[in-house]
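2 protein chains.
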Amino acid sequence: MKKTPKIEEIPGGITAVPGIKAGGINCGIKSGRLDLALVYSVIPASCAGVMTTNKIKSASLSLDRKRFRKGVAQAIIINSGNANALTGLQGLADATEMATLTAVNLGIDPESVIVASTGTIGNPLPMEKIRRGIPKLVRLLGDKDGSEAAQAIMTTDTVKKEFALRYHLRRKSFTIGGMAKGSGMIHPQMATMLAFIATDATIPARILRKLLKRSVDCSFNMISVDRDTSTNDLVVLLANGMNKDFYVDDEKSMSYQGLQEALDYTTSRLAEMIIRDGEGATRLIRIRVKGARTSQEARGIARTISTSNLVKCAIYGGDPNIGRIMVAIGYSGHTIDPEKIDLCLNDLKVVQRGMKINFDRNRARRILQGKEIIIGVDLKQGKETAEALTCDLSPRYVEINAHYCT
Amino acid sequence: MKKTPKIEEIPGGITAVPGIKAGGINCGIKSGRLDLALVYSVIPASCAGVMTTNKIKSASLSLDRKRFRKGVAQAIIINSGNANALTGLQGLADATEMATLTAVNLGIDPESVIVASTGTIGNPLPMEKIRRGIPKLVRLLGDKDGSEAAQAIMTTDTVKKEFALRYHLRRKSFTIGGMAKGSGMIHPQMATMLAFIATDATIPARILRKLLKRSVDCSFNMISVDRDTSTNDLVVLLANGMNKDFYVDDEKSMSYQGLQEALDYTTSRLAEMIIRDGEGATRLIRIRVKGARTSQEARGIARTISTSNLVKCAIYGGDPNIGRIMVAIGYSGHTIDPEKIDLCLNDLKVVQRGMKINFDRNRARRILQGKEIIIGVDLKQGKETAEALTCDLSPRYVEINAHYCT
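Each protein sequence line maps, in turn, to chains P and H.
With our numbering, the residue at position 246 of the first sequence is 288, and numbering never jumps.
With our numbering, the residue at position 104 of the second sequence is 146, and numbering never jumps.
Bound-form chain P, shown alone:
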């Protein structure tokens, strides 16, 4: 039996999904750049969301939590330039007003509107601008291809982040597409700084939650730019059921597995786009840990290496400072046997059984000068694996973050 290629990448992002419209405008929060985005499903969709574990949360997330519990949504309104965090009761009132205005203009239930914000922390939302912006944004909806929405959610991002695919299973297929933003304050513990994904498959909310949680754990929760977990992290998944063919209910079914695979592919691609656009980043670093006793151990060690300032500076400088990688493994908090560990840079072995070997330093330097670097760690104490993604740490990162408010 000939195997059909299952994943077909297609152009566009969230609006590649049938029944999903999106748009973005400048409403005046930022000068000259898009700052207000809307995603709309022509029919109510099942929804699931995961949000930051930071104890201090954006006001809009308190609102969203209720929506996710209900499991139904039809629109997402997002502003950039202001995080609506540390804004107290006024912040909650403002988020509620954003949802209500969006609902009134779209003619839908206010409780089916999800609200998200991203930007600087501690200032009240400029509501007069948002009040004028929402009706204008609703009128423009569907006029363009929707990629303005992906632009309007950007802050220090330098490129918009969109991805879509069609998934084929036997004679059926469905579409999944999404957009994300994030460049600094990236160390998701539950979700990353804003990602919105939709599919036309038909999936009840309780299944959607499971699919999303698993997918986020292996994608957004495994990336880090600077080990700072944001107050506003949010990932939303909508399934509008436009596609009645592709119905996912039974967790043991092939369609469930297919949906998980398609979603994992989408979240991983969006997560990777965030790291490629990390503040000041010049290189993408993949940390692949194998031979761990547990998945938690593999993930923990990969994550620790991915957050070491010293490892990231060395890679910025193209400096094969292998010791720093071993140092990070050593302080990861996991029990390891240093004398078993092998370490590779791409396919070049640099540490064998815990000892640095006499590797070709020029070749190591050439590897570190590539756009993408794989750090391979073999712990040789089990069978579990994990991959974490990060970027290098450059003087530009410091410059961006030394003058963010001013």
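FYI, nobody ran anything at the bench for these hints, they're computed from the structure.
Mixed in with the good hints, there may be bad ones.
Given that identical chains are not distinguished, each listed pair holds provided it fits within a single copy or across any two copies.
[Claimed, not checked] Simulated crosslink set (DSBU-like; lysine-lysine; CA at most 35 Å straight-line):
| id | residue 1 | residue 2 |
| --- | --- | --- |
| 1 | 108 | 382 |
| 2 | 382 | 255 |
| 3 | 97 | 332 |
| 4 | 391 | 294 |
| 5 | 422 | 63 |
| 6 | 255 | 97 |
| 7 | 171 | 63 |
| 8 | 214 | 108 |
| 9 | 72 | 413 |
| 10 | 171 | 214 |
| 11 | 391 | 186 |
| 12 | 112 | 382 |
| 13 | 413 | 425 |
| 14 | 171 | 391 |
| 15 | 112 | 48 |
| 16 | 252 | 391 |
| 17 | 72 | 382 |
| 18 | 255 | 72 |
| 19 | 391 | 72 |
| 20 | 108 | 422 |
| 21 | 382 | 97 |
| 22 | 72 | 425 |
| 23 | 97 | 186 |
Given the structure of chain P, go ahead and fit chain H onto it with the hints provided.
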């Protein structure tokens, strides 16, 4: 009754202590800079040591652990420029040879020599240079004031770090003095990158261990430059008992408390010197947390703020980005009530009950441009306090660490 001033700061460092000699030379590990140091007590001393919790440790530390268990030492030999870590069995043999050569040249027991190394990781020690250097270093011992030892342990440090004091209790007094190094890879979990302290007080090793552990927890274990815990961290405390007047045995005695106070003062001053000389640092940041339910909570939150790249970049830029401090409190992992928290920069209140207040931004900027900044956090949920020290994160930090090996 008039209270005598108890702590009298005196010039010099470890050699300010009677019976302690020290010296430093260049033996050729580094070009043109001192790289081999020796500390010697004219009589055997009680000793205690704490070392890194990194699972990957320098070979010399395996040797030292035995010395600390025995509790007696008479000399410390230290090289800079090479960490003797990731060097396997050869590393252990080299550390043993360093101890033996030092002992033979001084005419003392090899098991009373402590060995420490600091520098790049993963290269074998250049033993032929060290073999020639040790006899030369022993011959020079006592010719100068010993501050060359503090220079010879430096790596990326820009200043030598020494401190000494005389402690007066009623009619008795004793001396305590030490030296330290450290500038990058500073996030001690048990001790920091090399500090050596001596006192002439008479103290049995079992008491010395307790005094040192407590002191390190409040000083070296509360500083961070870059959240990277070194493989070579080591703090050693020698008490040579030259001063028979000042005998510490009973843990409830005033002399015990006096010794703890003098030691805490010394370790805190040395820890502060390390942060002031943090790689690329332009400012010293003190994070003072109060109103915590437990000491662990206070320490954890102070430590989390002190390791946030984003907080440190904002302070480098003189940018009053208050939100980032709150973000770090939020992801510290401790249970807090965001709506209770007050935040100050020096004496300027910037957050009240979890909301950013309309503070004078120009004044905030002036505060952040000072050499020393106090971030005050009041959690208002208990009575415990903690202080952590860190420095800002500058482009210079990245430059230093982008080309450390090359």
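We went through each hint and held it up to the structure:
For a Cα distance limit of 35 Å, the shortest separation of residue 108 from residue 382 across copies, 24 Å, qualifies, whereas the shortest one inside one copy, 49 Å, does not. In this assembly of identical chains, residue 382 and residue 255 lie within 35 Å of each other by CA distance both inside one copy and across copies; the values are 34 Å within and 31 Å between. For the identical chains of this complex, residue 97 and residue 332 are neighbours both inside a copy (32 Å) and across copies (18 Å), given an alpha-carbon limit of 35 Å. Within a single copy, residue 391 and residue 294 get their C-alpha atoms no closer than 41 Å, and across copies no closer than 56 Å, so neither meets the 35 Å cut-off.
Proximity of residue 422 to residue 63 under the C-alpha cut-off of 35 Å is found in neither arrangement, the shortest distances being 49 Å within a copy and 47 Å between copies. In this homomeric assembly, residue 255 and residue 97 come within 35 Å of each other (Cα to Cα) both inside a single copy, at 19 Å, and across copies, at 32 Å. With identical chains, the CA atoms of residue 171 and residue 63 are at most 35 Å apart within one copy only, with a shortest distance of 23 Å there and 72 Å across copies. Taking the shortest alpha-carbon separations for residue 214 and residue 108, only the intra-copy value of 34 Å comes in at or below 35 Å, while the best inter-copy value is 69 Å.
Proximity of residue 72 to residue 413 under the C-alpha cut-off of 35 Å is found in both arrangements, the shortest distances being 32 Å within a copy and 33 Å between copies. Taking the shortest Cα distances, residue 171 and residue 214 never come within 35 Å of each other, neither inside one copy (45 Å) nor across copies (73 Å). Proximity of residue 391 to residue 186 under the C-alpha cut-off of 35 Å is found in neither arrangement, the shortest distances being 50 Å within a copy and 47 Å between copies. Taking CA atoms no more than 35 Å apart as the test, residue 112 paired with residue 382 passes between copies only; the shortest distance there is 30 Å, against 50 Å inside one copy.
Taking the shortest Cα distances, residue 413 and residue 425 sit within 35 Å of each other inside one copy (29 Å), while across copies they are farther apart (51 Å). When the C-alpha separation of residue 171 and residue 391 is checked against a cutoff of 35 Å, the pair qualifies only between copies, where the shortest distance is 30 Å, while the shortest distance within a copy is 57 Å. Within a single copy, residue 112 and residue 48 get their C-alpha atoms as close as 32 Å, which meets the 35 Å cut-off; across copies the closest is 66 Å, which misses it. For a Cα distance limit of 35 Å, the shortest separation of residue 252 from residue 391 qualifies neither inside one copy, at 39 Å, nor across copies, at 44 Å.
In this assembly of identical chains, the alpha carbons of residue 72 and residue 382 lie at most 35 Å apart only when taken from different copies (31 Å versus 53 Å within one copy). Taking identical chains as interchangeable, the C-alpha atoms of residue 255 and residue 72 lie at most 35 Å apart only when both belong to the same chain, with a minimum of 33 Å there against 52 Å between chains. Only between protomers do residue 391 and residue 72 lie at most 35 Å apart by alpha-carbon distance; the minimum there is 28 Å, versus 48 Å within a single protomer. Only between protomers do residue 108 and residue 422 lie at most 35 Å apart by alpha-carbon distance; the minimum there is 29 Å, versus 45 Å within a single protomer.
For the identical chains of this complex, residue 382 and residue 97 are inter-copy neighbours only, at 13 Å across copies versus 39 Å inside a copy, given an alpha-carbon limit of 35 Å. In this assembly of identical chains, residue 72 and residue 425 lie within 35 Å of each other by CA distance neither inside one copy nor across copies; the values are 49 Å within and 43 Å between. For a Cα distance limit of 35 Å, the shortest separation of residue 97 from residue 186 qualifies neither inside one copy, at 38 Å, nor across copies, at 56 Å.
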